[in-house]
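Novice: Order-wise, the sequence lines are chains Y and P.
Take the first sequence: its position 210, counted from the start at 1, is 210 in the working numbering, and no numbers get skipped.
Start counting at 1 in the second sequence, then tack on 418, and there's your number in the working numbering.
Note that these hints are calculated values from the structure, not bench results.
Ideal Cβ positions, reconstructed from N, Cα and C, are used throughout, including at glycine.
Worth double-checking, as some hints may not be accurate.
In silico PhoX-like pairs for lysine-lysine, Cα to Cα no more than 20 Å straight-line [stated by the list, open to error]:
id	chain 1	residue 1	chain 2	residue 2
1	Y	Lys405	P	Lys480
2	P	Lys442	Y	Lys405
3	Y	Lys26	Y	Lys90
4	P	Lys546	P	Lys448
5	Y	Lys26	Y	Lys223
6	P	Lys503	P	Lys546
Covered stretches of chain Y (in silico footprint by chain P; criterion: 3 or more residues with CB under 8 Å from a CB of chain P, positions within the stretch not fixed) [claimed, not checked]:
id	stretch
7	72-81
8	229-239
9	282-295
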Amino acid sequence: MISSNSPTSNSPIYLDHAATTRCDPKVVEAMLPYFTEMFGNAGSRNHQFGWQAEDGIEIAREHAAKLIGAQAKEVIFTSGSTESNNLAIKGAAEIYARAAAGQTGRGHIVTAAHEHKAVLDPIRRLMREGFDATFIQPPADGVITAEMIKAALRPDTILVSIMWANNELGTINEVPQIGRLCHEKEIIFHTDATQWVGKMPTNVEADQIDLLSWSGHKMYGPKGVGGLYVRRRKPRVRLEALQDGGGQERGMRSGTQNVSGIVGFGKACELCFNEMESEGKRLLAMRNRLETELKKRIEVTVVNGHPTKRLPNISNISFGFVEGESLMMGVREIACSSGSACTSASLEPSYVLKSLGIGDDLAHSSLRLSLGRWTTEAEIDSAIVMIETAVNHLRRLSPLYDLHKEGVDLSKIVWQAH
Amino acid sequence: MAYSNKVIEHYENPRNVGAFGTSKEVAARKDIGIGIVGAPECGDVMQLQIKVSEEGIIEDAKFKCFGCGSAIASSSLATEWIKGKTVDEALTIRNTQIVEELSLPPVKIHCSVLAEDSIRSAIEDWKKKSGASPASTSPTPVTQHA
Ligand SMILES: Cc1ncc(COP(=O)(O)O)c(C=O)c1O
Ligand code: FES
Numbered sequence: 001m002i003s004s005n006s007p008t009s010n011s012p013i014y015l016d017h018a019a020t021t022r023c024d025p026k027v028v029e030a031m032l033p034y035f036t037e038m039f040g041n042a043g044s045r046n047h048q049f050g051w052q053a054e055d056g057i058e059i060a061r062e063h064a065a066k067l068i069g070a071q072a073k074e075v076i077f078t079s080g081s082t083e084s085n086n087l088a089i090k091g092a093a094e095i096y097a098r099a100a101a102g103q104t105g106r107g108h109i110v111t112a113a114h115e116h117k118a119v120l121d122p123i124r125r126l127m128r129e130g131f132d133a134t135f136i137q138p139p140a141d142g143v144i145t146a147e148m149i150k151a152a153l154r155p156d157t158i159l160v161s162i163m164w165a166n167n168e169l170g171t172i173n174e175v176p177q178i179g180r181l182c183h184e185k186e187i188i189f190h191t192d193a194t195q196w197v198g199k200m201p202t203n204v205e206a207d208q209i210d211l212l213s214w215s216g217h218k219m220y221g222p223k224g225v226g227g228l229y230v231r232r233r234k235p236r237v238r239l240e241a242l243q244d245g246g247g248q249e250r251g252m253r254s255g256t257q258n259v260s261g262i263v264g265f266g267k268a269c270e271l272c273f274n275e276m277e278s279e280g281k282r283l284l285a286m287r288n289r290l291e292t293e294l295k296k297r298i299e300v301t302v303v304n305g306h307p308t309k310r311l312p313n314i315s316n317i318s319f320g321f322v323e324g325e326s327l328m329m330g331v332r333e334i335a336c337s338s339g340s341a342c343t344s345a346s347l348e349p350s351y352v353l354k355s356l357g358i359g360d361d362l363a364h365s366s367l368r369l370s371l372g373r374w375t376t377e378a379e380i381d382s383a384i385v386m387i388e389t390a391v392n393h394l395r396r397l398s399p400l401y402d403l404h405k406e407g408v409d410l411s412k413i414v415w416q417a418h
Numbered sequence: 419m420a421y422s423n424k425v426i427e428h429y430e431n432p433r434n435v436g437a438f439g440t441s442k443e444v445a446a447r448k449d450i451g452i453g454i455v456g457a458p459e460c461g462d463v464m465q466l467q468i469k470v471s472e473e474g475i476i477e478d479a480k481f482k483c484f485g486c487g488s489a490i491a492s493s494s495l496a497t498e499w500i501k502g503k504t505v506d507e508a509l510t511i512r513n514t515q516i517v518e519e520l521s522l523p524p525v526k527i528h529c530s531v532l533a534e535d536s537i538r539s540a541i542e543d544w545k546k547k548s549g550a551s552p553a554s555t556s557p558t559p560v561t562q563h564a
């Protein structure tokens, strides 16, 4: 038996599960033998060590496929969602390009402005290599609909890449409808489902997805391992590999497989498949209580993103007149994140919040609280009190709160620059 | 990035928080200088009010700040440092001294600049309102870094 990895009593309350999750102890347990006794290379076809490794990988592939309603053959193991997104987007663009490398007018790609950087940046690179792209500006609730996609399509559109659920807001895009639209128009549809898979039921057939990225460390598996679903029929999707070599993973991802990581990823998928439904209900109840209490106790508290079309575990809340980084300092006993400019290396507020048009003031004032498998009622209770105390402390210091109380419209003030 | 103990201490027990009245009340007072500066870098706002005697001594100072913990600590420290000083002395305070005192990391230097600017801006405002002649001696920086 491995030692328990439950949090110690003096460690902060972890409410940053959208950033990463603790590995489930059952995952760690499943992985350990693959570092020692079963250390083989899955490519060694002629001895027991190789066979054991291969068996471990293929069982993991079955679990991964089952979680998303795919066939095992359709799952490629990667190093995580960043790689899966890059392989899906660049790999598909290369194959479905309408003109050869070096030319312009190679094809049009549709995505949205509030996607993860691991989608936006591969597409920006493709734009430097002769492709065009449309970055749909999301509406105030953050939800991308099939109608919005339809309006952005062009005769030369070759790829649509829309995330299933947003990592900062938890908002859920209209994926099945977008999938159906893309299939009608014979356009390849990729979804970055990093925040979705493992938390919400997924069926790539019913949801008409061609390419789907997900990652182990967001669902209680290890870091540095993830999956890419690549549809094999209706249509058979082809990808140009980004990495050449030994031809592993159907030639789409060469390199000796990370056997222990893949085994852990498979175990994490199996656990999520079994626990998703009850876990989702539990987290939703706690998340809703968190939001209701905070809104009740603290005036000018705004939940960002669509009120209901959201994952059960993510809450993005702005507390007016209070800057996010100082708020995080006030709640040092809570590990969470903020869309505030002060927290970012670039000193820019979150581009995701900005893209929703929610205004710089509220973007500066936002906290993202994301719950997970081991979040308890008691932790939520403490978090509510700690946040309330810190917001009150900071409002006493806030010149903006004074102006608000004096009835000044903050959006009309022009601050003197220095 | 971990915060220094001094930043945490100022954050938890900020000195001289407040104002000498509503914005209308203080605007009319000749003995009070108001500096409101914003950091264009990250949208933060610092407000400093100083109460100055006829001899040009800063008798009291109050601040409010919408910004990160380092900005709050910088402005809290600034009020401590300027109280009891003449306006000319206060003008010699440099952000680099604040950076040093609070052990601010490079990404937080602009937060200390905000504090220095708020001092400057509050004193200018007081001078304008009180009709005091501009500082007889131009401020000499105590420490001068890049
Ligand atoms: C929506 C989304 N896409 C991609 C990624 C990157 O995933 P990974 O860390 O597995 O590369 C993340 C996580 O940061 C994410 O939330
Ligand atoms: S005030 Fe924004 S980083 Fe300090």
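Novice: A separate judgement is required for each hint: does it hold in the structure or not?
Specialist: Hints versus structure:
1. Distance hint between lysine 405 of chain Y and lysine 480 of chain P is fulfilled; the C-alpha atoms sit about 18 Å from each other, no more than 20 Å.
2. At roughly 13 Å between alpha-carbon atoms, lysine 442 of chain P and lysine 405 of chain Y fall within 20 Å of each other, so this suggested pair holds.
3. Between lysine 26 of chain Y and lysine 90 of chain Y, the direct Cα distance comes to roughly 35 Å. Violation of the 20 Å bound is thereby established for this hinted pair.
4. Taking the CA atoms of lysine 546 of chain P and lysine 448 of chain P, the gap is about 9 Å. The hint holds against a cut of 20 Å.
5. Distance hint between lysine 26 of chain Y and lysine 223 of chain Y is fulfilled; the C-alpha atoms sit about 15 Å from each other, no more than 20 Å.
6. With a C-alpha separation of about 19 Å, the suggested pair lysine 503 of chain P and lysine 546 of chain P falls inside the 20 Å cut-off, and the hint holds.
7. Coverage of the stretch 72-81 of chain Y by chain P is violated [criterion: at least 3 residues with CB-CB distance below 8 Å; count 0].
8. Given a C-beta distance limit of less than 8 Å, the hint that chain P covers the stretch 229-239 of chain Y is violated, as 0 residues qualify and 3 are needed.
9. Given a C-beta distance limit of less than 8 Å, the hint that chain P covers the stretch 282-295 of chain Y is violated, as 0 residues qualify and 3 are needed.
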